[in-house]
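K.L.:
Sequence:
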Amino acid sequence: MENRETELMLKGYGLTTAEVYYRMPDFQSVLNSFIWQEYDLAPDHPRLFEFIEFWQREIDGPLHSVRFTHRKMISPGEWRNVIGEFSVDGGLTLH
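Using numbering that gives the first Met the number 0, the first residue of the sequence shown is number 0, and each one after it goes up by one.
Since the hints were made in silico from the structure, they are not lab data. Take these hints with a grain of salt, some might be off.
[Claimed, not checked] What follows is a list of derived Cβ distance ranges for each label pair:
(1) 49 with 73: 38 to 48 angstroms
(2) 68 with 5: 16 to 26 angstroms
(3) 25 with 5: 35 to 45 angstroms
(4) 4 with 31: 24 to 34 angstroms
(5) 27 with 73: 38 to 48 angstroms
(6) 28 with 57: 20 to 30 angstroms
(7) 36 with 59: 21 to 31 angstroms
Quick reminder that beta carbons are idealized off the backbone N, C-alpha and C, glycines included.
Let's have the full structure, built from the sequences with the hints guiding it.
P.N.:
And the structure:
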């Protein structure tokens, strides 16, 4: 994983995956799909909407629909009470 991705996740970004359905320019009755994936911020998803706007402005295939999911890859850790500890010499210490 690149440093950029780790930095984004630490800033609250999560992985957004979108499945874009669009019509073929020359065959309007044919639907095709395209998968897009990027780190984005929920719930506003600015990068996803920027991509959709780019598609509508620059790509010939008109959009039919977009399905997407978002998942935070790093979340707050869970705290738990540790009642034992293993040491290198093999002993078990209870607290």
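K.L.:
Run every hint past the structure and note whether it holds.
P.N.:
Each hint tested on the structure:
Checked against the given bound of 38 to 48 angstroms, the beta carbons of residue 49 and residue 73, roughly 23 angstroms apart, lie outside it. At roughly 21 angstroms, the beta carbons of residue 68 and residue 5 sit within the given window of 16 to 26 angstroms. With their beta carbons about 43 angstroms apart, residue 25 and residue 5 fall inside the hinted range of 35 to 45 angstroms. Taking 24 to 34 angstroms as the suggested C-beta distance range, the pair residue 4 and residue 31 conforms, at roughly 29 angstroms.
For the pair residue 27 and residue 73, the supplied restraint of 38 to 48 angstroms holds, since their beta-carbon distance comes to about 43 angstroms. The hinted range of 20 to 30 angstroms is satisfied by residue 28 and residue 57, whose Cβ atoms lie roughly 23 angstroms apart. Between residue 36 and residue 59 the Cβ separation comes to about 22 angstroms, which falls inside the hinted range of 21 to 31 angstroms.
Of the numbered hints stated above, the single one contradicted by the structure is hint 1.
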